[in-house]
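Given the coordinates of chain A, assemble chain E onto it according to the supplied hints.
There are 2 protein chains.
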Amino acid sequence: MNKRYVIIGGSAAGPKIASKIRRLDQNAEVIIIQKSKNLSMASCGYPYYVGGVFDNPDQLVSAPTGVLRDPSFFSAVKDITAYVETEALSIDREAKTVRIKDLNTGKEQDISYDKLAITTGASPIKPPIEGIDLEGICTLHNMEDALELKERIKDGGGSKKAVVVGGGLIGIETCEAFQLAGIENTVVEMLDQVLPFLDWDMAKLVENHIREKGAEVLTGDGVKKFNGKDGKIVSVELQSGITIKCNMAVVSIGVRPRSKIAGDCGIIVGTKGGIQVNRFMQTNDSDIYSAGDCVEVTNLITHEKQLWPMGDAANLQGRVAAQNMVFGNIEEYEGFIGTGICKVFDFTAGSTGLSEKMAKREGYKNIIKVIHAAPDKPGFMGGKPIILKLLAEKTTGKFLGLQAVGSGDVAKRLSIAAMALHGRMCISQLVNLDLPYAPPFSPAIDNFITAIHVLENKWRRYMDGISAVELKAKLDTGEKPFIIGVRGPAELEVCGWISGRI
Amino acid sequence: MNKRYVIIGGSAAGPKIASKIRRLDQNAEVIIIQKSKNLSMASCGYPYYVGGVFDNPDQLVSAPTGVLRDPSFFSAVKDITAYVETEALSIDREAKTVRIKDLNTGKEQDISYDKLAITTGASPIKPPIEGIDLEGICTLHNMEDALELKERIKDGGGSKKAVVVGGGLIGIETCEAFQLAGIENTVVEMLDQVLPFLDWDMAKLVENHIREKGAEVLTGDGVKKFNGKDGKIVSVELQSGITIKCNMAVVSIGVRPRSKIAGDCGIIVGTKGGIQVNRFMQTNDSDIYSAGDCVEVTNLITHEKQLWPMGDAANLQGRVAAQNMVFGNIEEYEGFIGTGICKVFDFTAGSTGLSEKMAKREGYKNIIKVIHAAPDKPGFMGGKPIILKLLAEKTTGKFLGLQAVGSGDVAKRLSIAAMALHGRMCISQLVNLDLPYAPPFSPAIDNFITAIHVLENKWRRYMDGISAVELKAKLDTGEKPFIIGVRGPAELEVCGWISGRI
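Residue numbers (numbering that gives the first Met the number 0), protein chains in the order written: chain A, 0 to 501; chain E, 0 to 501.
Isolated chain A (complex conformation) (with noise of 0.2 angstroms):
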C-alpha cells in the first residue's frame, strides 16, 4: 500500500521534506499542512525586499524560473498537497492521526500518517513590554511582516524615523533595510556590541561602519517602554533615559522554537526548548522526524545541542529527514559548525566555529589568536580591507574559528575557515593550502594563509601580538609601553587606508 507522509509547517525544511519524499517514492501521499497563506518563502530575503533591492514580494516564494510556489505549482510539479491557512492542532501519536482546522471555516478533522515531520519553525520573541501591542511596532519574521513594512516605508506623509531594537543578524539587515529605503533609524542592543557572534573587537568595526553609514547605534541600552498617540507608536524610552521620536520600530531579539505540538504528545523537548532528535533527525517516536528551526541539533565543535535557527539548515535537516523517513535512517545529519554571515552597507561580517568568547565559555584555556588586516587582492587589483580573527587552541593546534570583517572577500575566507572546521584540521594542515590563486581573486598568499602562518609563528613561539584592545587596556591602567613605529612618513600615509576605511 502506498504510504502517507504528513509534514506539519511549510516554510523551509517541510516543503524541502515534502519535495525530497516525492523525488524518492513516486507513489507516496505527501501532505503538508501551512499555517500561513505562503509556502516556501525565502524569509532571509526579507531585508533585502523592504530595503528595496528588490519590489515583487512574488519573487519572495517563486521557483528560480518565476512560477510561484502556491498550493497548485505544489499539486501540479510535484503531486504534494498543501493545505494552507490551516493549523496543526494536536498529534494522536498511538492513531498516528494529526488534528488538523481550516482556519478560513473552522472546519476540524483527523488525518492519519504513516510518516510525521515536525517543521513548525520558531515565532519571534515580543518581550512583555509596555506599548509592544501599538501600532507600527512589528517584527521581521514572516511575509505579513515584510509585506507591513515595506507599505509604511513607501506610504508617505512626512519624515520617517524607525527604530531597530535588537543588534543581532536580522536587527542589522533590517537597520540596513531602513537606510537603503531612506528611513532614519537607531538600532538598540542591551549588550555592549551589535551582531553577538563576533568578539567586541570585531563588532565595533561592524558598528563604526554603521554609524559611517548614517544609522544610529545604542549598546548597553535597552527599551523601557514604547510611548503611544491614538494607538500608533510616537517613541521609544530607553533605559538609560532617552527617548526617540520614531513611528515605526522592529523587534527582532530573537527566535523561540514552536515545538509545543510536540511536546504536548510526549515528544521530547530539549532543554533549550527544542525538540530533540537523533542524527538521523528522528523524535523519540521512530515515525516522528523534525527539522528546522523547531529542532535542537549538535554544535560540532563544542557537542552541545543547540538550537541553531537558519535557513541553509532546516533545508539539509529536511533533505536528511526525508531520506530517512521514506528508507529508513541511512542518512545522518551531524551537526553544524556555527556559521553567520551578513551584509552591513558594504561591509561583510561573519563568524565559523568559535569567537574568543565563546571558547573562553566553553573552557577552552589555551588559545593563540591572531586578527589580520590585508586587502583582499593585490593592491594594483584594487584589493579592498578584510579583517580576520582566527584562533587555534595551543596544545593541540586545532583551528577553532574564524571571525571576518571588511569590505573585501569575506565570504570566500570564512568558506575557507568553515571547511577547515568540518575538515576538523589543525594549524600544520593549513598552512599550506592550494587555494584558487590569481591576482584579480587573491593576493599570491591568501588573507588566510596568511594569518594562519601567524597563528603558526605564535604557535612555534617565533613571535608574540598584542591586540589594539589589550594595548588600549594598557594605557588605560596608567602603564607606559615602549612602542617602535617601524614605517616610515610615506609608507604610514599609504597604510592610512586600512585604519581610515575599516
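No lab work stands behind these hints, which were simulated from the structure alone. Every residue, glycine too, gets a C-beta built ideally from N, C-alpha and C. Check the hints yourself; a few may be wrong.
[Claimed, not checked] Taking lysine-lysine and the DSSO-like style, the derived pairs with C-alpha atoms no more than 30 angstroms apart in a straight line are:
#1 E/K271 <-> E/K106
#2 E/K368 <-> A/K77
#3 A/K383 <-> E/K149
#4 A/K383 <-> E/K376
#5 A/K212 <-> E/K259
#6 A/K77 <-> E/K100
#7 A/K77 <-> E/K479
#8 E/K244 <-> E/K149
#9 E/K376 <-> A/K36
#10 A/K383 <-> E/K212
#11 E/K149 <-> E/K271
#12 A/K212 <-> E/K383
#13 E/K393 <-> A/K383
#14 E/K473 <-> A/K383
#15 A/K397 <-> E/K212
#16 E/K383 <-> A/K457
#17 E/K271 <-> E/K100
#18 E/K383 <-> A/K149
#19 A/K77 <-> E/K77
#20 A/K203 <-> E/K376
#21 A/K473 <-> A/K393
#22 E/K479 <-> A/K479
[Stated by the list, open to error] Some chain E residues judged to face chain A by a derived CB distance under 7 angstroms, without partners named:
#23 P56
#24 Q58
#25 G269
#26 P435
[What the hints assert, rightly or not] If you want the footprint, here are the derived chain A segments under chain E, 3+ residues with CB under 8 angstroms:
#27 47-60
#28 223-232
#29 247-261
#30 399-413
#31 431-438
Okay, now just chain E, sitting in the frame of chain A:
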C-alpha cells in the same frame, strides 16, 4: 658564528626564503643572487598591466605600502644583500661556494654559504619554429616582456593585431589583456580546447565566451612559421594552411624548470626536469634546499611528482624551506592538489583536484560525475550563473575534484572544493556543510552543496544522468533518444538566460 644563507633566484620563492630567514635568525647573513634587474616581481600581474588595469609598472615590484622592493629596500628594511644583474654560474658543493658573475662588469667571484637555496624558477618554452626570433614576437614571462608588450600596444600608428600562441592560462589572460587594450587578437591552440586543466565540455563554455567578447580562438591548430618583413613579424602561418596577419605575437606554450645549475653539481633532477626535493624542500645535498618553479612536488591526489609552476606554491614552499634551513627540517610541504583559476572577461574559470580527463589518465575506472548549472545567489539578489562539474570515486565516495566556469562567484566554490580535497573528505562529509549563507552571498543551499547532493543521489542510485556531450554523441550516431521536456513555455523563456548567457 653567524651563518651565511645564499639564495640563487630573486623572483617569488627566493625573496620569501630570504625574508623568512631574516625573521627567524636576526644574526644571519642573507644574500640573494638575481640575474634580472628586478626583485620580487608580482609576475602573475603582468597581463593586468598589459591590459591596462593599472599603468604604473612599479606596482608590480612594490610592497603594499608603495615602497619599491629594490636592493636598497631589501638592505634597509630587511638587512638582506641582493645582488641584481648577477648570474650564478656554478655551485661547488664540496667547497660550499657559488661562483657568481656581475653581468654589468663581467667580474666573477666565489661566495661561500652555510645553507644554499636554489630558486631559479622556470624559462618560457620557445619552440624552434621558423621566424621565432622576429621582432614583435615575445613571451609574457618577465618584467621586460611586460614592458615591451605595453610599449608596443601604446606605440600608435595603424591598426594592431596580435596572435597568442597557446591557449593555456597565460595565453587566455594575454588574450583578455589584448582585448581590453583594444588589440584584435587570435588565440591558436594545438589541443582541441583552451585551458587544458578543464575538461573539453567546460573549456568549450570558456571558448564561446571569448568569441562573444570579440577575440578569435582556433583550436586543434599549430604554428607552422612566423613570416616577417624587414625583420618584423607580419603574419603567422598555421599548420592548417590559415595565415593570420599580425604585428605582434605572444608565445605562451608553457615553461621549463631552470635546473641546470643544480644538475651540473650533482643535485638530482627528476624525470620531469625539476629539481628533486623531499617534503622539507631539501635536495640530496642536505645543505641545499630548493623551491618554486624549478622543483618537482607531490600531487596530493595522484601522489605523483609533478612540476607545479604557480606563484602561490612558490611562496608557500619558500616559507617551508626557510624554516628548515634555519631550524633543520621542522616543517613539511606535503604537496599541491592542483588548483588553478583564471579570469576570462566576465567569466571565471578554474579547477581543483582531478578533471574527468585526468582521472581517466590516472586509471580511475568508477567515476561519478555531475554537471550542475545554477545562479550563484537567489534570483531576487541578482544571481549570476555558474556551472560546476564535480567528480567522485564510486567505490569509496571520495571527492576527486571540481571544475567551475561562469560569471558568478566561481572562486568561492573552488576554494570550498580545494578545502574538501585538502581534508580528504568524501561525499557523506560534504552533504551537510555549514557554509556562510545569507541572500547576498549564496542560495540557501550553496551551489557546491547542491551539486554534492546530486552526486550523492547518483552514488546512492536514486538517479542517473546524461551530459550534453554524451547526448550529442548519441544523436550523432543516429540514435533517437526519447526526450521529455518538463518546463512550460514561460519557464523555458526564463531559463533562457542560463543557456543564453553561459
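Practice item. Give me the numbers of the hints this structure contradicts, sorted from smallest to largest. Key: Violated: hints 1, 5, 6, 11, 13, 14, 15, 16, 19, 22, 23, 25, 28, 29.
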